[in-house]
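Starting from the structure of chain Z, add chain L where the hints point.
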Amino acid sequence: MNKRSNWALPYFIFLVLFVVVPLLLILVYALQDASGHFTLANIGKFFSDGDSLSTFALSIEVAIENTILCILIGYPAAWILANKEYNKGAVTVVLFILPMWINALMRTLATAELFTMAGIQLGKGTLLFGMCYDYLPFMIYPIYNVLNKMDKSYAEAAQDLGATPGEVFRKVTLPLSMPGVLSGVMMVFMPTVSTFAISEFLTNNKIKLFGTIIQENINNSMWNYGAALSLIMLVIIGITTFLQGNESEENSVGGII
Amino acid sequence: MNTRKVFARIYIWIVLVVLYAPILFIAVFSFTEAKSLGNWTGFSMNLYKNLFTGSMQNSSGLISAVENTLVIALIASVIATLLGTVAAIGIFNLKGRKKNVMNFLNNIPMINPDIITGVSLFLLFVFLHISQGYTTVVLAHITFCTPYVVLNVMPKLSQLNPNIYEAALDLGATPMQALRKVLVPALRPGMISGFILSFTMSLDDFAVTFFTRGTIGLDTLSTYIYADARKGGLTPELKPLMTILFLLILVVLLIINIRQSKNSNKK
Numbered sequence: 001m002n003k004r005s006n007w008a009l010p011y012f013i014f015l016v017l018f019v020v021v022p023l024l025l026i027l028v029y030a031l032q033d034a035s036g037h038f039t040l041a042n043i044g045k046f047f048s049d050g051d052s053l054s055t056f057a058l059s060i061e062v063a064i065e066n067t068i069l070c071i072l073i074g075y076p077a078a079w080i081l082a083n084k085e086y087n088k089g090a091v092t093v094v095l096f097i098l099p100m101w102i103n104a105l106m107r108t109l110a111t112a113e114l115f116t117m118a119g120i121q122l123g124k125g126t127l128l129f130g131m132c133y134d135y136l137p138f139m140i141y142p143i144y145n146v147l148n149k150m151d152k153s154y155a156e157a158a159q160d161l162g163a164t165p166g167e168v169f170r171k172v173t174l175p176l177s178m179p180g181v182l183s184g185v186m187m188v189f190m191p192t193v194s195t196f197a198i199s200e201f202l203t204n205n206k207i208k209l210f211g212t213i214i215q216e217n218i219n220n221s222m223w224n225y226g227a228a229l230s231l232i233m234l235v236i237i238g239i240t241t242f243l244q245g246n247e248s249e250e251n252s253v254g255g256i257i
Numbered sequence: 001m002n003t004r005k006v007f008a009r010i011y012i013w014i015v016l017v018v019l020y021a022p023i024l025f026i027a028v029f030s031f032t033e034a035k036s037l038g039n040w041t042g043f044s045m046n047l048y049k050n051l052f053t054g055s056m057q058n059s060s061g062l063i064s065a066v067e068n069t070l071v072i073a074l075i076a077s078v079i080a081t082l083l084g085t086v087a088a089i090g091i092f093n094l095k096g097r098k099k100n101v102m103n104f105l106n107n108i109p110m111i112n113p114d115i116i117t118g119v120s121l122f123l124l125f126v127f128l129h130i131s132q133g134y135t136t137v138v139l140a141h142i143t144f145c146t147p148y149v150v151l152n153v154m155p156k157l158s159q160l161n162p163n164i165y166e167a168a169l170d171l172g173a174t175p176m177q178a179l180r181k182v183l184v185p186a187l188r189p190g191m192i193s194g195f196i197l198s199f200t201m202s203l204d205d206f207a208v209t210f211f212t213r214g215t216i217g218l219d220t221l222s223t224y225i226y227a228d229a230r231k232g233g234l235t236p237e238l239k240p241l242m243t244i245l246f247l248l249i250l251v252v253l254l255i256i257n258i259r260q261s262k263n264s265n266k267k
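Protein sequence lines correspond, in order, to chains Z and L.
Per this note's numbering, the first sequence starts with residue 1, numbered consecutively.
Per this note's numbering, the second sequence starts with residue 1, numbered consecutively.
Calculated directly from the structure, the hints in this document are not laboratory data.
Warning: the hint list may mix true and false statements.
[What the hints assert, rightly or not] Straight-line alpha carbon distances no greater than 30 Å define the calculated DSS-like cross-link-like pairs of lysine-lysine that follow:
1. L:Lys262 x L:Lys156
2. L:Lys95 x Z:Lys149
3. L:Lys5 x Z:Lys84
4. L:Lys262 x Z:Lys84
5. L:Lys99 x Z:Lys84
6. Z:Lys149 x L:Lys99
7. L:Lys231 x Z:Lys206
8. Z:Lys152 x Z:Lys124
9. L:Lys262 x L:Lys5
10. L:Lys262 x Z:Lys152
Okay, chain L solo, but in the shape it has when bound:
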């Protein structure tokens, strides 16, 4: 243990502590009843109780916002994964200029900041006289999620030996069977990481949803928090909700990573 090692450790831990301070702050103050953050009025589990029994002010608003967030993220990332995987296979088999054009177009949504994606899609829906709501939000989320699926599936395609697919055909598999039994299993890791990435980006999105949700009062968690904060008083039950979400994500990510490192150790 030399001093440089100690310094490195300390540095990493300081950055981590700073990164986690606000999250810990939310978690700590989820165990008190006070309305505003940072106001400690003694230990209490009431906010958790309210969250699960639904006995809070404007409870339907928060619950439907959570539901919308999850449903939109699920629909958008499933469609993005299918569309992106098919597209990746197509782009992989393209050549020359067509391939460059597709790669260029695929990069645009990733380079564009959220607000540009949001405003441009808002103008599209206005221009086409499409009334904005659930469908437009889902379409917008598919737009910014799909490029990441393409990006995750593409490397799996270049690792795949094309002869295996041909061999399956030669051995009497129909193209559908070959697709299901050869191509999809080989692409699955890329599809899964594309799906997870899409899902989390959709969950976290604020700007794009904000511009494409229309005026029918559709709220996701992000837009709900934004409206709430602008009104001045944050719904106190958001604190336990965020704490629970954080713990869930922490556990899932740790499991995924421990599994991955075990797998790579085996290999």
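Isolated chain Z, as found in the complex:
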């Protein structure tokens, strides 16, 4: 049995080569100038560059708003889907996940086109709505998963002990479903900050998000500054992951099918 643990070795080597080393390289490139000398100038440039800073602030703002919007729309949907009284077949759940299988860029282009046809000007409003539309399934699915597996007897017990339906929801269902909400937040928040093509399409290039400036720098061969911007993003990912803790580890994506 002991030998079987060696089977993890190839994957360990693979992970070191393709995950750990590349992430370290972001750090290395971020702390170098174009000729390979150590410098903090790239990081300094970000904090002194008004454009980058305001793009960054806007990205965080849009990501927070998008996440909240996804929770507000997605939670009730997930709750209804997980409730046997309202939803009997698994087919409706599939219908909610299905749009994810259509090329995201194509869907986004069509969304932008729909806005234009309806005479709505592309801007921050359409950006938010379009993003919410793109990421909603990622919020609904983990919440649905947790609610679906939840032991219903807790809610029944609370009811028997005299709680009103509102209280049952507030004091039992909602707290128990928080791990699902948290993994939904993880799957919506960071991707929103980092998208580039989606924000370009939805605003007709009027609004740039953080992902766009990373992409522009990398594509214009300004690797060191691009790496510094990526490093800042990595720090934020680190913080949010740390804040989230290990609570929702078991409920992470798993099998979407």
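Same frame as chain Z, but now just chain L:
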């Protein structure tokens, strides 16, 4: 049928209608000839005809993009499934700190947004002076797919009774036979869902491909659409292509789910 039930139904249907509006929009406008989306110039099947006869502008570009997308997704998800299954067996048998380290490392690619995975791998290939193209894209896709295979196979391992494998050995099976006849059948459902998940994520990927495809002009469907949209005019034949893909996926998913619910009913 009480009012709350009606409200719940209405809510679900409103969200679904909004979710599907852009897809329906593409599907409807695939039946007209106009170049831009949203421009109706009368019913026509010409775009479908063009798609299948290949008689359209830049047809080789679109067809090779579709081919690349499928081939890359297939290679990447097959390798990810094999690598991930072996890794899951290994990690399952690890103990203590080593196990925690592996689980932690396995989580990183899932937490990282696409753009970070893309940029970091781009820097790796630049650093190692590897010219980027097909191989680097496949490697990058394996990187972000494998963790999901591990995640799908792991629960099947904990459901498996370890004594069955030992029993097979005691009854004279070679380790290879025991692996093939005991372990693999038990893990198969996890492997299949890991494979399907990998395949669809690879199909849909844009950012990672964008950063690791190099400058040799390799296009997948996503990068093709991106370049096309930036140029201003979307190839009109994309509309029928997307419609067909959507219907295919719809049918496959419905079949899988109806089968699954039938199976669980039997049990």
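> Where does the structure disagree with the numbered hints, that is, which hint numbers, in rising order?
Replying inline: Going through the list in order, the structure violates hints 5 and 8 and respects the others.
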